[in-house]
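Chemist: Work the whole structure out from these sequences, hints included.
Line by line, the protein sequences give chains A and B. Start counting the first sequence at 2; every next residue gets the next number (my numbering). Start counting the second sequence at 767; every next residue gets the next number (my numbering).
Hints are supplied without guarantee of correctness; some may be wrong.
To be verified - Partner residues aside, some chain A positions facing chain B, computed with beta carbon under 10 Å:
no., residue
1, Phe10
2, Gly147
3, Gln148
4, Ala151
5, Gly152
6, Arg153
7, Asn158
8, Gln161
These are computed hints drawn from the structure, not numbers from a lab. Note that beta-carbon positions come from the ideal geometry of N, C-alpha and C, so glycine has one too.
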Amino acid sequence: MFDAIKRWFQGIAEDFTDNFITGDRWKWLLEGLKNTLIISLLAVLIGIVIGVIVASVRSTYDKNGEAMRLRGGFGFKVFSFFNWLCNVYLTVIRGTPMVVQLLIMYFIIFASSTNGLMVAVISFGINSGAYLAEIFRGGIMSVDGGQFEAGRALGFNYVQTMIYIVIPQMFKIVLPTLCNEFIALIKETAVAGYVGIRDLTKAGDEIRGRTFSAFMPLIAVALIYLGLVMLLTKLVSLLERRLRKNER
Amino acid sequence: MNADISDRPASGEEMIRVEGLKKHYIKRNGFGEIRALDGVDVTINKGEVVVIIGPSGSGKSTLLRSLNMLELPTEGRIWVDGEEITDRKADVNRLRHKMGMVFQHFNLFPHMTVLRNMTIAPMKLRKETQEEAEARAMKLLEKVGLKDRAGAYPNQLSGGQKQRVAIVRALCMQPDVMLFDEPTSALDPEMVGEVLEVMKDLARGGMTMACVTHEMGFAREVATRVIFIDGGRIIEEGTPDQMFNHPQSERLQSFLAKVL
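Modeler: Laid out in structure tokens, this is it:
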């Protein structure tokens, strides 16, 4: 009985050594984690930039389109075109699977590039931008219309009203949803292995392929993702509490 | 009572002039039009307190909101202090500096303190220093009895306090005319008085005012002129005495019979 337990522990220790220590395989995971973080962080930045621009165009069109149409002229036609372009972008990106977009980017659009990591960053950024754009737009539209009117009535122009009054309130409204999107993005980068990038998932899988034991590497990968997401959730909830405190 | 208000001479100098103002909406189902305003002409002179009354849906709020272009007129022209605000090339934002607006639902900025609510516009738009802007804001807050709430956030205030802050926020831009859009309609009854008191003070101080309200007592006491609107048109206008004691049109008579 005692022997059995001992043997079981020994088995685990051997398994652990085999999967992580031998040949410094833990370094694979580390490198994978590094790539996952690079892709996620840069993609979020790109996504936020795209998202803010697209959301601004779309919500400006919704809110201010009537005034612009009445003023008429060439500007409104150009603006309508951009609004249309944004709609096409949202439809295409949200209507096709992330993996397919990644493969198209890697094998067709950037076929001549050998830097898979950058292709992945761009693909994930463009993808995330579409979702963030709709989150931001939803936030902007759900700030009480009276806030916008009060800003305009004081004499602020459209952009000033957005920057000083609407967007700070929008940010607070969308924060939980934003956190959700970041979490989804981190986990979605797990498909980066499709284009030969050794991200966290791919690293775990390669260890499994080498050692023929699935349990240790895959559970380790899962735990690392879990840790990342929990850390992120914690940070966002701290931020949320700070923002709320401002009002009480 | 308050002879000092109704007897004060209007300067005769015009502040706002409206000619042939129309506002038509296409109905949401796409068939037919709603005529919120159907040809309104009105002039508000400097020093006047004009109270606009009428049944709900009559277009009185639309008229008020058109004055600073929160509603875009379908037709007609509006001049503010001699400049045409409806002109395509008009600098609407600059002209809005001359008009303070107070809303039914206060519309204070919830992410800023009371003081910041009041100073942000003067600082960003009139390039006042923080000291200047805060000094004026504190003086105004003191006048309406809210000096000790300068550091509070709007959520921490009662409805009446919010509306008083909203009034002084508009005053911080040193407007030439104040527009009130049903300023007491969203208040609990016991808070109506404190807001009306601030507005009466403002009127006594000589501020030009245009006010949409259901407070007939306020209209009677403070207005230099009362305008009755129904169906998007001005039906009758005159002094409070003429309007309330000797209404001419049938529609005004039946309206007053319901609200008084």
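Chemist: Each of the hints needs a verdict: does it hold here or not?
Modeler: Evaluated hints:
1. This hint is violated: Phe10/A has a C-beta 57 Å from the nearest C-beta of chain B, more than the 10 Å allowed.
2. About 4 Å separates the beta-carbon of Gly147/A from the nearest beta-carbon of chain B, less than 10 Å, and the hint is met.
3. About 6 Å separates the beta-carbon of Gln148/A from the nearest beta-carbon of chain B, less than 10 Å, and the hint is met.
4. The beta carbon of Ala151/A comes within 4 Å of a beta carbon in chain B, closer than 10 Å, and the hint placing it at the interface holds.
5. For Gly152/A, the shortest C-beta to C-beta distance to chain B is roughly 8 Å, which falls under 10 Å, so the interface hint holds.
6. The criterion of a C-beta within 10 Å of any C-beta in chain B is met by Arg153/A, whose closest approach is roughly 7 Å, and the hint holds.
7. The closest approach between the C-beta of Asn158/A and any C-beta of chain B is roughly 5 Å, which is under the 10 Å cut-off, so the hint is satisfied.
8. Nearest Cβ of chain B to the Cβ of Gln161/A: about 7 Å, under the 10 Å cut. The hint holds.
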